[in-house]
Structures are given as C-alpha cells and as structure tokens.
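Enquirer: So the number in the numbering used here is just where the residue sits in the sequence shown, counting from 1, plus 855.
It is worth saying that the hints were derived from the structure and are not from the lab.
Hints should not be assumed to be uniformly reliable.
[Claimed, not checked] SDA-like mimics (lysine to any residue), calculated; alpha carbons at most 25 angstroms apart, straight line: (1) K956 x A945; (2) K1209 x L1251; (3) K1226 x R1182.
[To be verified] The following label-pair restraints were derived from C-beta to C-beta distances: (4) P889 x I1516: 40 to 48 angstroms; (5) E1711 x N897: 26 to 34 angstroms; (6) N897 x R1610: 45 to 53 angstroms.
The beta-carbon is built from N, C-alpha and C at its ideal position, and this holds for glycine as well.
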Amino acid sequence: MRRTKLIPFCGNLKPYLMIALIISMALVHTGCSPTFWFDQANKDTYEILAENANDPAWQVPRFDVEPDPRSRFYDPYDPNHEPLPPDDPAANVYMHWLQCKKGYKSWHKLGRALSIENPDWLVQYGISPELSAEIAASGDALEGVELPSLDDLTLDETIDIANINSREYQFQIENLFLAALDLTFGRFQFDVRYLGVGGQNPQVELNRRRLANGTQELDLASRIGVNQVLPSGAQWAVELANNTLWLFSGSNQTNSVSLLSYSLVQPLMRGAGRKIVLNNLTQDERNVLYQTRILARFRKEFFTDNVAGGNGFLQLLQQIQVIENERGNIQRLERQVEILRALSSQKSKVQSEKLDQLPPNWIIPPELVEKLEFDDESRMLSWNGEMTEEQEKLLLALSDADSFQETANELVSRIRTEVVTLDVAQLETRLAQSINRLRTFERQYQDSLGSFKIFLGLPPNMPMTINDSLLKPFELIDPLLPQIEQEIYDYVEVWAKVYVENWDDPNLMPPTTAELKEVVAGLQQLLTKLHVDALATLEQDIQNVELLLGDNAEGVNDELLALRQRRFLSEEDRERVRKSTQNDIRLYSSIRKEMQNIESRLAGLQSFLSEDKLTNVQKKKIILEMANLREDMLRTSQGMQVIEIGLRVELITLEPFTMDIGEVVRIGLSNRLDLMNQRGLVMDTRRLMEVRSNSLEAVLNVVVDGDVSTPLGRNKPLDFRGSQAGFRAGVEFTAPLALVQERNAYRESQIDYQRERRAFMAAEDAVKFEVRQGWRQLSVLRQNFETSRVQIRLAALQYDNAVEATSDPSQAGRNQGLNLLNALNAVLDAQNSLISNWVNYEQNRLNIYLDMGIMEIDENGIWKDDFYQHRAGRIRPTNEHRQSTPETTEVGVTAEEVIRPVVFRPAGELNALATDSEEAPQAP
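Produce the entire structure from the sequences given, and follow the hints as far as they go.
Expert: Given below as structure tokens:
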C-alpha cells in the first residue's frame, strides 16, 4: 500500500523539481557579481605591478590606483554601486524622455551624489563634514563662505599636497594600472580556459515543448570544455556535451546522451613558433615596464616642476623677492624725493620784482617796514622773508596803479610758488613708474600663485601663502640697521624743537639748558643702539665670514666644512673673497673710530651742558653741533649697511656641481629612463617585422581531433565506450596567394622600424644636447652669480655716493636727480640680478640632474639631495649662514610712534670713513 501511494506523490513533485532545476540553472548562468570581477582584476593587476617594482632605477613607492581619501578627486562611494553624479540639466532630459519615448525610470536607484568632487576633502582643514559637502557641491565657491587658508606652506608641504591632489600624477598612476590590466589578459590567453572545441563558452539550454499529439517534453542541452594555447602555437581542447530529454506522457521516459570531444591543432608555418605566438604577451610585459619607467621619470619631472617650473616654488620666491626689492626701491625714492624737495624749496629770503616807478604819495606802512623795500637805483621792489595773508592784503592795498598791482602780484606769486626742480621732477616721475610696476609685479605674483595652486590640484580661489625662508640668505641688511637709521633720520624733528632760526630776534625765547640736555640724551641713546645692536650685528657678520674663510679644519664641525666646500670651488675664489673682506674690515675699523669720535663729542656736549648759565652764542653752537652729530651718526649707520651688504653677499652659497661635460653626457646616456624606453621601442618594431613576415607564409596545420559518446537509448550519460569513439587526423593547407593586405602591413612594419631607429637616434642626440646645454648654462650662471656679488657691492657704493652728493651744497646743480636715478636703478638691478641668477642656477641644477636621469626621489616625493632634504626637515641643517643676531635694546628715541621700515638703505664708503685724520668739531 505504501508503494501505491508513493508513485502519485513523486509525480506531484515533478513540476517543483523542474522549477527548482530551472531556477538553479538560471542562477548559475547569471555569472559573478561586478564586485567579484573588480576584486579579481585588482588582485591580478597589483601582483603584476609588484613584480615590476623591483629595480631601484625605476622603483615607485605608490602604484595603488585608489586616490588618497584626503584628495579632492577621491570617490567615497562604492565603485560597483556608484550613485549618479550631478548632471547638466538640459542634457539630463534625454535620460528620461527622448523622441516621445520614456527613458529608463530607475536611473536613481543607487542614489544621487551632491557633488562631483570629494565632499569631505575640506574636513582635513578643520571644516565640518556638512559644510565641506556644501562647499564641494557649490564648486568650492559657496556664497558667504571663505575656503580655509593654507598659510606659510613650506616646499615639502607643497609637494605633499601635490602628491595627494595632482590630477596629472593620478593619471600617470592609472596609465600604469591600465598597462598591467592589459597584461592580465595577455597572460590569461595562455592559461587553461573554459572554452570548448571551436572556442565555445560553457552553455546550457533548457526547453519545454508541447507536441501536437499532446506529449510534453523537457530538453536540457549543456556543454563545457577547456582549452589552452601553448607557446609553440599549438592549441588543445577537450569538451563534454550532454543532452537529456524528459517525456511527461505515457511511461514518463528519460533519455540522456553524452559526447566527449577533443582536438589538437599545431601550426607549422603561419602562426607557428614562440617568436610569433608570444609576441603580444612579450609586448604587454614590456609595456608595463615602459609605463613603470614613465611613472618613475614623471615623479622626477613632477618634483622639478613643483620646485623649478615656470610657476614653481622657486619662481614664486623670486617674484616675492622682486616685489620686496621694488618696495625697497620705492622707499628709497620717497626718501630722496623728500630730501630734494626740502633742498629745492629753500628759496632766497629776499624776493624782488622790477617796478619802474613808485605810485605817487607812496608810503610803506609801519607793519611792512621790516618786510618791504624799494631800491631807487635798480628800480626793484623787494620783500624779505615769509608773507602772511594779512601782509599780502596790506601790500596790495598800498596802491591801485596798474604797474604796482602787476609787480605786487608777481612778487606774491613768486613767494607762494613752490619750486620743483628738474631733479625732483625726474625722481617723482620714476617714483610713479615704480609704483605702477609694483602693482604689476603683485598682480603677476597672484597669477603665478593661482597657476601653482592648479598644479597642486587646489582650487585657485583657496587662500595660500608660501614660506619664504629660502630667501633668508638674501637678507643682505639686518632689519635692525635700517630701523636704527630711520630713528636717526626722524630725530631731526626732535632736534627741530630747540632749533632757532633768527638769534637776533629781540623777542627770542631761547631753548633752556634742560631742553638741550634732553636732545643730547636722545642722541646718546641712539648712539647706544648703534653700539649695542648695529655694531654687534656687524661684528657677528665679520665673524661668520672669517669662519668661512678659515683654512684650519681641526675642531671645525662638518657643517662648516661642507659650507666651505660649497662656497669655494678654487683657491682663486677664496682669495678674492679674502681681499674683499679685508677691505670691509678696514671700513669697519673706520666706523669704530668714527663712533668713538662721536662718543667723545657727545661727552663734551654733556660736560658743557652741566654749566649753570649758557649764553645764546654758546647755545647756538651746541645746537649746530647736535645737528652735525646727528648727520654723522646717520652717515655711520649708512656705512654699516654698506659693509654688511659686502659681508653677507659673500655668505650666499650655490650648491656645487663639479662633473665635467663628458661625464654628464655618459651618465645621461646610461640612466635616462625615457631613452631606455625609446631603445626598447626600436626592438618592438623589429619584432613586429618578424610577425608581419610570418603572416605572408602559407597556413599549414596538423589537426588531430576525435570524440567518444555514450550509447543511445540507455540513459547512461557517463557510459563512454570505445565502440562509440571516433578519431581523425590530417593536415590543413592554405596557399598564400591573395595577401595584399598582409604584404602592405609587412612593408609598413619595415618603414616603421627605420622610423623608430631614427627616433631613437634623435632622442639620444636630444639627451646629449640637453645635458651639454644644461652644463654650459650652469657654468655661466655660477659665473654670473659671482659677478652679481660684485655688482651688489658696487651698486651700494654708487647709491651712497649719490646720496652724499645730494646733501652736499657744493654739488648743487650737478645732475643730482639723474645720478640718484642711475644709482637707484643700479641697486634695483643688482638686487634682482642676484636672486634671478640664484634661482636660475638652482632651476638648471635640478634640470641637469633630471636630464642625466640620476635624480633619486624618496617615498615622500622629494629629491634625495642635501639641500632639499634639509629644507624638508629630514637632515640636520648644514648651515644657515647666520648665527643669531643680538637682541635689540629697548631704547627708543624717535619723533614718531611707528617707524617706517627701510628695506635697503646702503650708504657706502662714506667721507667720514675715508677721512680718518680729520678732526671732528668739538663742543664749545
């Protein structure tokens, strides 16, 4: 009874089994998920990249195609389930409606991103995630919100930012990844693959049919095979096919038949041999090597462009220095315009105009007796001194005669008119030009800074400043010296409080002794600052230069020894610096003598002022002596700056480059990665000739195939029998008669090979030219820089002499304005030439190491060079050229609370220094 009930139950299960079978087959053939293939592609690709990163010459620290999470272009979403990015509104319409047809309605099933760039990239700068996403969605231009400011960026910090955000760097990494990805397929071609005879993929077909007689059947046809291509060109394949038929009527019959097939094809002519078969795989392997070298060289170029490019870090520093030089030039111009204006405004106290005849009954009123005078002999009407508005009205009211009114008006006009000499006009014209030029320089700097931000991968509207510590050696004058000079210059306003213009005035209230003592005390404080601050700073500079020039190596640290090696490439250079320094030291000795003289004169004044009663004559001499002392102190401070310029300019060093021109050529030919790739391309085209030549041969293949099946009607799908086997063997031949396309391809490959040979020779010549040109340029720039040292010294002296001539009454009318302009131009040109030659030298030093191919970049993207490793903080500083300057004293005597800085105020070999034997005037 159990058996009778079981059969209907099994029959009831057949539909369910059939449904389960269909579902399982469908699930199997839907394939693996995109995530599976994504992970597999990454795994295979990164294994290949790890294999190719074993040579130190082109080893790269990073080949991960996934960007840094801090990067602007980092994608925070699952790459296999990407939300839709923001779209152009007009173009977006066509995704939903086109040609009266509805589009796909589920585009947004994975969501929609608010921005194309990384919404969290600003979080690293202290911005909240919510605000960062909002800023990113606005294109980094959210109204009312400023992007965070990157202030005082050092060189290594800019390189780090570029490594994270540079789109070009990411593009090169992706190129390497794609080359390795192509190679995974090339290697897969020689693996055992799931392809059957004839290259068919595994396949399953399930069909249910209902015949006309009412019979129902289910047909399942499936096949699976494997094959492999061998390096010789042979290809073998094995395939298993099965066909199962279920009849659901009558006795519910099942019939299953299987067929096992195999084949082997071995080419003998066309497509035969490892030379032909392995060529594509060989090319893919070589392409990965080429791309690895391209990335390695790109890292060198990337560092060079960051530091020495057209808008690189060094170029920005040069622009900053040029702007500072121009500002200093404007300050010097303003100072000299002020001085020349004061000199030119010193008109004669008596102004005269021609008056042919006095008006009748003309009488000079008592109020104008001391001012107005008429000379009968010369017929000149004269006015003595200044004229007030009341005095002007009285003068014009003396007579209504036309001749008198005309003469009186001319006299008033002459007194009122400010005299602007040619010298002043020349300087003011140059001042206006300099101000305009400064605005242009500042605009150009902002343009260059914007380009640099784009190079770093930052938005150009992101505030940023760079650290200018590399310009520290070009601070040729310690800021203390111009500050003290400005205080001495402004002290004239303090002195003017006790100055008396007319000592014969009966109503004169002469300055008291206490007031005079206060002015002298202020002069003493200024002299103390010269002693304690300025002179000590100068002594420190002298000590630094003497340490640099020293020959003794015992007890000298490695830093100083390295500095000497960089500074002096020959004994002649050392001797030139020694002679220049000796002259600076002589000038320094003169400065000390002058200061001792000033100190003695001040002491004399203080002693003289200790007396109880002073006559006006004595006070007049004291006031004049105080003015002389201030002038001498001003010249002394200027002289100190000239000496310091000469000393500090010798402390600036260039990084040495000692290779000869033949050596740099040989190194370049041996180490240039792009030249290695170019040489490899010649071999690639030569190999391709062999492949194209093989395609002209006949097809001659040995073919072996066969199969074995199970018996029909027995429903035993694995019962393979020899009696059901078949075997075939033979030869396939195709005559090479119509091969015009192959012929043309072969001829093209020959021409391509000749072209590639010439391209390699051109690349080789270009390397030779680049390194030879760089070597010559470095040599010239080093010489130019040494010339710039001399130029800056001479310009300082020229400017000092021009300033002295301006304040010397005996030089009046001798083109002071033109001389000053020439001196100012010389100073500005020398300053700009100094920084320009230094920057150009460093740029060319970078380029020649890049051109030679021996620039080693560390894992942080920085050149393994002492100079740049030092600036990046990875090696202890070799030398900062300076020891710490003494702290300033708190003595401050000035007429103004804010002292205008004077960046560059040289005053050269002063007359006071050149005439040591002259006796200074003593206090009365």
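Enquirer: Against each hint, give a clear statement of whether it holds in the structure.
Expert: Structure-based check of each hint:
1. A threshold of 25 angstroms between alpha carbons decides the hint, and for K956 with A945 the separation of about 17 angstroms falls inside it, so the pair holds.
2. A hinted pair counts as satisfied when its Cα atoms are at most 25 angstroms apart, and K1209 with L1251 qualifies at roughly 16 angstroms.
3. Proposed proximity of K1226 and R1182 is contradicted: the alpha carbons are some 46 angstroms apart, above 25 angstroms.
4. The beta-carbon spacing between P889 and I1516, approximately 57 angstroms, falls outside the hinted interval of 40 to 48 angstroms.
5. Checked against the hint of 26 to 34 angstroms, the pair E1711 and N897 passes, with Cβ atoms roughly 29 angstroms apart.
6. A hinted range of 45 to 53 angstroms for the beta carbons of N897 and R1610 is inconsistent with their spacing of about 37 angstroms.
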